[in-house]
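Peer 1: Spelled out, the chains give:
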Amino acid sequence: MDVLWEFRKAILEAFGVTVEMTVFAGVIALVFGAFLAALRVGPIPLGRAVGTAYVYTVRNTPLLVIMLLFAFGLPQLGIRPDFTVGDGVLTRWNSFFTFATAALGLYTAAFVCEALRSGINSIPLGQAEAARSVGMTFTQTLRNVILPQAFRAVIQPLASALIAMTKNSSVAAVVGVTEATFQMRKLTNDHQGALFALFIGFALGYMVLVGLIAFVAHTLERRVRVA
Amino acid sequence: MTSPALGATVLFDAPGPRAQLRYRIYTIVFAVVLVGLVAWILKKFNDGGQFESRIFDRLFAGNVWNAIFDGILKTLEAAALGIIAAVVVGFALAMGRLSDHRWVRVPATALVEFFRAVPLLLLIVFIFYFMERVRAFETSTNGLFALVAGLMLYNGAVLAEVFRAGINAVPKGQSEAAYAIGFRKTQVMMVVLVPQAVRFMLPAIISQCVVVLKDTSLGSFVVYPELVRAMKAIATFIGSSLIAYLLCALLFIAMNSVLSLLAQWLHRRMSRSPKVIAVPAEAIEEAARVE
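Those protein sequences? They're chains S and V, same order as listed. With this note's numbering, the residue at position 153 of the first sequence is 153, and numbering never jumps. When you read off a place in the second sequence, starting at 1, and then add 1000, the result is the number in this note's numbering.
Chain S on its own, in the form it takes in the complex (with noise of 0.2 Å):
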């Protein structure tokens, strides 16, 4: 239990990294995530095509593999995305930072696209067919009857793929970025005699973190629903 408050400043840092983490890999995500949806059930073959590779590309390799080739393998092409400014706030946006999060934001992409795409596949055919059949426009239903009902059964899904990448976010250990599990493994190596006090406190950080994603899901679900 010292240990945990004796380097308190030290594991609330490595949590905002955490944080910092999954809000620009959940924007990365949420978008090119959409971007992927809609070549999927979009119109175009060929859209459909490379929608579908990427997700079955990203879905079988692990994100360590993706995270290990984005910071070690693209300095070899000269990319070097370094955001560390001074000694202020962005000494912790190094190029590793800034690698794991693009990759845990691609990766993520991956599985929102899915969750997107399983919501609107989730809506009957008769909704779009009795829409078209009263005289809504393309756009007229889509924004009438098919968004607002496959919103409605997105929000769950979706908030998996987002708790499943705050999660994930602990991969990017391995790469050497100073987010909340490093610190977990360098604090528990000095020591070991609170291995049990540091792992319960870490991982009730991150259950706090997955709860916020969780709540702010269940919120927005609730108010959704019809009656």
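The set of hints was computed from the structure by calculation and includes no laboratory data. Don't take every hint at face value.
[Stated by the list, open to error] Residues of chain S clear of chain V, computed beta-carbon distances all greater than 10 Å:
no. : residue
1   : Glu6
2   : Val23
3   : Val27
4   : Leu30
5   : Val31
6   : Phe35
7   : Thr52
8   : Arg80
9   : Asp82
10  : Ser95
11  : Phe96
12  : Glu114
13  : Phe199
14  : Val216
15  : Leu220
[Said to hold, decoys possible] Footprint (simulated), chain S over chain V, 3 or more residues, beta carbon under 8 Å:
no. : stretch
16  : 1028-1042
17  : 1122-1133
18  : 1200-1210
19  : 1217-1230
20  : 1255-1264
From the three backbone atoms N, C-alpha and C, an ideal C-beta is built for every residue, glycine too.
Based on the hints, put chain V in the right spot on chain S.
Peer 2: Below, chain V alone, put in the same frame as chain S:
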């Protein structure tokens, strides 16, 4: 030209002549962008010296493929141990969650929720240091143990939920009928519910195998010499992380593809006899003959 996704999606109608023309233009634009992107990547690779022959000379020389093969074996070993242990633990936890006794149900539920919420890597690190502290085995064995135990606990918790859903999906009349002819609780579960639920579970177990196989890569963090760790050494040896990790990704995709094919095949086989009531035609004939 076949109309794209006729009836496959709710978003658009089968295209008319004008829409087809539009789609064709989109296809061409998309193809040009795609080819440009691939060309740019290849050029970048070339500029970065990734296609130099010394990389590939080294890749196909010496003991590189022995090391890769060794890594694959280690990965498969951890994955196999992990999934078997996970199925056992998952089954136990599912039984616990379905128990009529509060004192069994509540801890089982707590364990499932805990192990699903904690990152696998955190769990693995914890188990590894625990093993080191009690000096269980030598370090590399501790690594394997931590990896397998982590995979077991995390995937066991995930599978427990799958198993529970599978057992709950068996129609209520089945267990009621079993109770009516005097089966005990354990008999109802083991003789009636579980055999029927296995049908729902098998494809899920194989899908989980893909997850387990991917997650064995985390073993490299606790010095277990699996494929990714082997690839790290090979990356240094051939002088290209890019080629080494791309090859690593390809190997994982190949292994997982085999598993996915197996899952699809099983799924097709299983869904051929949907639900419980649909008894295969041969079985009915068989029954008729006996009569």
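Peer 1: If a hint holds in the structure, say so; if it doesn't, say that too.
Peer 2: Hint check results:
no. : hint      : in the structure
1   : Glu6      : holds, 18 Å
2   : Val23     : holds, 17 Å
3   : Val27     : holds, 21 Å
4   : Leu30     : holds, 20 Å
5   : Val31     : holds, 18 Å
6   : Phe35     : holds, 12 Å
7   : Thr52     : holds, 12 Å
8   : Arg80     : holds, 12 Å
9   : Asp82     : holds, 18 Å
10  : Ser95     : holds, 14 Å
11  : Phe96     : holds, 13 Å
12  : Glu114    : holds, 13 Å
13  : Phe199    : violated, 4 Å
14  : Val216    : holds, 16 Å
15  : Leu220    : holds, 20 Å
16  : 1028-1042 : holds (count 3)
17  : 1122-1133 : holds (count 7)
18  : 1200-1210 : violated (count 1)
19  : 1217-1230 : holds (count 5)
20  : 1255-1264 : holds (count 3)
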